[in-house]
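**Q** Sequence:
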Amino acid sequence: MSEKILLVDGHSIINRAFYGVTDLTNSEGLHTNAIYGFLNTLFKVLEEEKPDYLTVAFDVKAPTFRHQMYDAYKGTRKPMPAELHEQVPVLKDVLHAMGIETMEKAGLEADDLLGTVARRSEARGMEVTVLSGDRDLLQLATEHIRIRLPKTKGGVTETENYNTQDVIDKYQVAPLQIIELKALMGDSADNIPGVPGIGEKTATNLIVQYGNIENAYAHVEEIKPNRAKNALQEHYDMAVMSKALATINTDCDYDYDWDKAKLGNIYTEAAYALIKRLEFKNMLSRFRVDAPANEKIEKIFQMVEDFGEADQVLTKAAAVPRLAFAVHQEEGQVLALSLTLSEKETYVIPVEGFVTADWLLGRLGEAFAHVPEITTLKLKEALKCLSAHGVTIEKERQGAFLDAEIAAYLLNPLKDSYTCEELAKEYVSLTIPSRVELFGKDKLTKALEEKAEAFRIYGGYASYILYQSMPTLLAELHETGMEDLYREMELPLVFTLFGMEQEGIRVDAQALKTYGEELAVRIGELETKIYEEAGETFNINSPKQLGVILFDKMGLKGGKKTKTGYSTSAEVLEKLAPECPLVADILEYRQLAKLKSTYADGLAAYIEPDGRIHTTFQQTITATGRLSSVEPNLQNIPIRMELGRQIRKVFIPREGCVLVDADYSQIELRVLAHMSGDANLIHAYRGAQDIHRLTASQVFHIPFDEVTDLQRRNAKAVNFGIVYGISSFGLSQDLSISRKEAQEYIQKYFETYPKIKEFLDSCVEEAKEKGYARTMFGRRRPMPELKSSNFMQRSFGERVAMNAPIQGTAADIIKIAMNRVDRRLKAEGLKSRLLLQVHDELLIEAYTEELDKVEQILSEEMQGAAELAVPLEIDMKQGKNWYEAH
DNA sequence: GGCATCACG
DNA sequence: ACGTACGTGATGCCT
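Quick note: the first sequence uses the numbering used here, first residue 1, plus one each step.
Simulated from the structure, these hints should not be mistaken for laboratory data.
Incorrect hints may have been included.
[Said to hold, decoys possible] With a straight-line cut-off of 30 Å between C-alpha atoms, the simulated DSS-like cross-links for lysine-lysine are: (1) Lys596 to Lys880; (2) Lys44 to Lys243; (3) Lys224 to Lys262; (4) Lys561 to Lys513; (5) Lys529 to Lys594; (6) Lys880 to Lys594; (7) Lys170 to Lys299; (8) Lys561 to Lys596; (9) Lys557 to Lys513; (10) Lys151 to Lys262; (11) Lys770 to Lys415; (12) Lys415 to Lys513; (13) Lys170 to Lys201; (14) Lys276 to Lys296; (15) Lys281 to Lys443; (16) Lys596 to Lys575; (17) Lys243 to Lys224.
With the sequences and hints as input, model every part of the structure.
**A** This is the structure in structure tokens:
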């Protein structure tokens with residue numbers, strides 16, 4: 001096979017990158033976006049082409065032969081913006097550090113160098129690829145010279161590839177005739193004058209017919225559109241000169257040395273250092289310096305494609321003291337299984353032939369019966385996959401499972417994701433190749449089929465890293481006092497949540513549809529009315545357009561509140577013009593539009609064939625330890641406004657069941673009372689019916705029965721404020737009072753409950769000293785903000801330090817309750833099941849005959865989840881839908 | 001993909 | 001003086 005050479009038009013690619021990549025700056029203040037884009041494009045093409053030789057050509061700032069030929073050519077090069085100009089020498093440094101040859105010569109443009117080397121390489125029998133952003137280069141295309149033009153389409157960079165025929169297909173002319181076209185059409189970017197009045201169409205017609213400009217001129221009398229004929233006659237000299245300007249010189253006087261261009265290992269240590277300084281973090285792994293360590297590890301990863309061998313591996317798996325596994329799936333299909341049985345045994349077993357998904361997971365399930373410690377990532381997802389293939393985990397075996405993601409989350413709950421790659425770096429001190437690096441943007445299925453070797457590496461690390469990181473994760477959990485939290489609360493919760501998600505909640509699709517249709521009618525009416533009142537139609541959903549109507553056209557006085565313009569939030573609009581019918585209609589429209597899009601239409605799309613909605617509870621998202629619910633979010637179903645609340649009527653129990661809803665009464669305040677140990681508050685909450693009223697009576701020194709509604713409302717706001725990490729500003733905002741008044745409320749509150757203040761202060765103090773806040777059950781929230789010199793950030797940190805222990809402890813308590821409720825329902829042989837958790841609320845689908853037992857279990861386990869100095873009270877109701885039950 | 005808005009605890 | 005309440009997720013607009 002002939003050798004391949006890749007020639008890169010440095011100037012055009014870096015320009016393209018500069019304008020295509022969002023501005024980036026490293027911490028030294030150097031702009032880096034163009035370099036980043038250039039390297040990304042280069043890597044992509046290198047991976048596709050795998051050339052033997054590589055050279056990048058640059059322009060030199062010096063007059064070329066074109067300047068001598070044509071005066072106006074001077075100064076034609078658009079001056080580079082300074083932000084781009086400064087990046088060019090740095091890019092060259094990076095390329096040189098990678099051992100990549102660059103070429104430039106005074107008096108020559110990059111095009112000419114590329115053309116010259118391309119032709120010479122072709123003459124030596126090489127396959128040539130020229131990478132450029134400039135279509136002029138198409139004139140170089142031949143059977144053996146391919147021009148690649150990068151093109152960004154919807155964020156994905158693809159390249160258009162041109163050999164001779166591709167040029168003809170697209171432009172109807174041969175590659176060399178591209179010059180003729182350009183000479184006729186001109187090119188303002190390159191200041192090639194062309195022939196005025198001749199555009200792409202005419203130029204193409206002329207060249208297709210006459211072959212070149214000279215011949216067209218020879219037949220100028222025949223030329224059909226008079227406009228073209230006159231133009232060519234008048235500007236023929238110009239066209240000839242333009243042709244010379246547009247012609248790439250393929251025979252430059254340049255001493256090119258192929259040996260120097262020979263491509264070696266570009267991922268050098270020197271390049272690593274530069275990439276690190278440029279802060280291209282996702283590129284860094286390509287340049288990893290611990291490549292030797294990686295290679296040693298990767299060598300042991302074994303691809304197992306033979307059925308017998310796979311069988312042996314899985315038999316062996318059943319006998320090890322611990323293992324790690326990863327199921328690779330895509331679009332519901334199991335593609336492969338990764339298994340690490342010891343430091344030296346890692347297997348990647350693709351699903352193929354006799355090795356079916358059912359067989360593979362079935363055999364894995366058999367092994368699970370015997371292995372004392374089983375590690376994976378995203379255990380809940382694995383359970384789902386196993387269950388879909390008929391594998392269930394016995395209750396007694398659940399304790400054997402570890403989830404590395406959850407362990408990493410407990411150690412640092414602030415991260416966005418917990419990937420194998422990050423675990424490798426943090427807990428194994430190893431930089432592993434990223435998925436993008438191995439497969440590019442390919443799907444897993446495609447990668448397995450076409451890049452088996454890369455898949456072996458990817459799959460191998462997937463379980464190897466879990467195996468290697470777990471001991472460290474456990475050790476750190478132990479050291480930080482979170483091992484119990486992990487083993488006794490979070491891991492069992494995985495199984496509880498798995499059950500809830502599998503169960504799903506029944507939804508009356510017809511009722512939901514009707515609800516949506518009713519909304520649509522009213523929305524339509526409001527729309528018409530709003531357009532009438534505004535005197536024109538506009539997009540009511542666009543805050544920008546709405547702002548123009550309200551503040552510019554109608555002249556309502558609204559302060560500019562957001563970064564982008566006027567704020568049109570409900571808060572602003574309500575204050576703005578409570579009397580204005582337009583504003584009132586917009587508010588109602590907004591409310592209905594929200595209900596329709598997010599809830600009526602939104603939820604309908606999630607009803608599965610079983611007639612139920614199966615949300616996903618995320619266990620590793622929040623900073624405080626709460627759960628979150630996605631696809632769809634069932635933790636924010638409307639309740640505060642009656643119309644929205646109606647939607648809860650579509651959540652119904654299955655036949656023979658009712659919904660039972662139990663929610664903790666003011667759990668966070670009770671947690672606060674307990675954690676602070678404030679005798680007054682504890683005493684108050686022990687017997688109180690109405691906590692906010694009692695707070696008001698104590699804070700304002702009024703008999704309980706004489707507390708006014710306003711006083712109660714104020715006390716309630718203070719109670720909330722305390723939980724959020726009180727600030728006089730926040731409270732004043734909430735109550736629409738002055739800051740001073742707010743400050744007085746807070747002061748009085750703290751006088752009444754002195755230990756609360758002590759406790760909150762101690763939370764901040766401890767967080768400052770240790771760098772993290774802690775819940776009653778040892779859950780940590782790191783708080784880097786507290787060290788900030790920025791007042792805003794530090795204040796935020798202080799509020800978080802007060803809130804996290806309270807919100808987090810409440811989250812811990814309900815997690816305990818969930819596990820206990822789940823366990824008891826099963827232990828007592830009941831069919832009723834937990835369906836949802838909404839932070840302080842649990843929803844159960846209870847068989848009517850089990851109702852009494854279910855209520856007893858809920859009440860005992862929720863109230864008994866923690867021993868606090870105050871009772872943990874719940875409100876419990878049942879109903880034929882969620883509306884009634886809550 | 002960021003921003004504004006709004007739904008919940 | 002600084003300029004905010006704590007924690008989430010979904011939708012629609014717009015660059």
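**Q** Decide, hint by hint, whether the structure agrees.
**A** A quick look at each hint next to the structure:
1. Lys596 to Lys880: 23 Å, holds
2. Lys44 to Lys243: Judged against 30 Å, a Cα distance of about 34 Å means the pair is violated.
3. Lys224 to Lys262: 53 Å, violated
4. Lys561 to Lys513: 37 Å, violated
5. Lys529 to Lys594: 18 Å, holds
6. Lys880 to Lys594: 26 Å, holds
7. Lys170 to Lys299: 47 Å, violated
8. Lys561 to Lys596: Between lysine 561 and lysine 596 the Cα gap is close to 27 Å, so the pair holds against 30 Å.
9. Lys557 to Lys513: 40 Å, violated
10. Lys151 to Lys262: Given pair lysine 151, lysine 262 holds - Cα atoms ~27 Å apart, limit 30 Å.
11. Lys770 to Lys415: 19 Å, holds
12. Lys415 to Lys513: Between lysine 415 and lysine 513 the Cα gap is close to 39 Å, so the pair fails against 30 Å, i.e. violated.
13. Lys170 to Lys201: OK: lysine 170 and lysine 201 at ~13 Å, within 30 Å.
14. Lys276 to Lys296: 24 Å, holds
15. Lys281 to Lys443: 23 Å, holds
16. Lys596 to Lys575: 25 Å, holds
17. Lys243 to Lys224: 22 Å, holds
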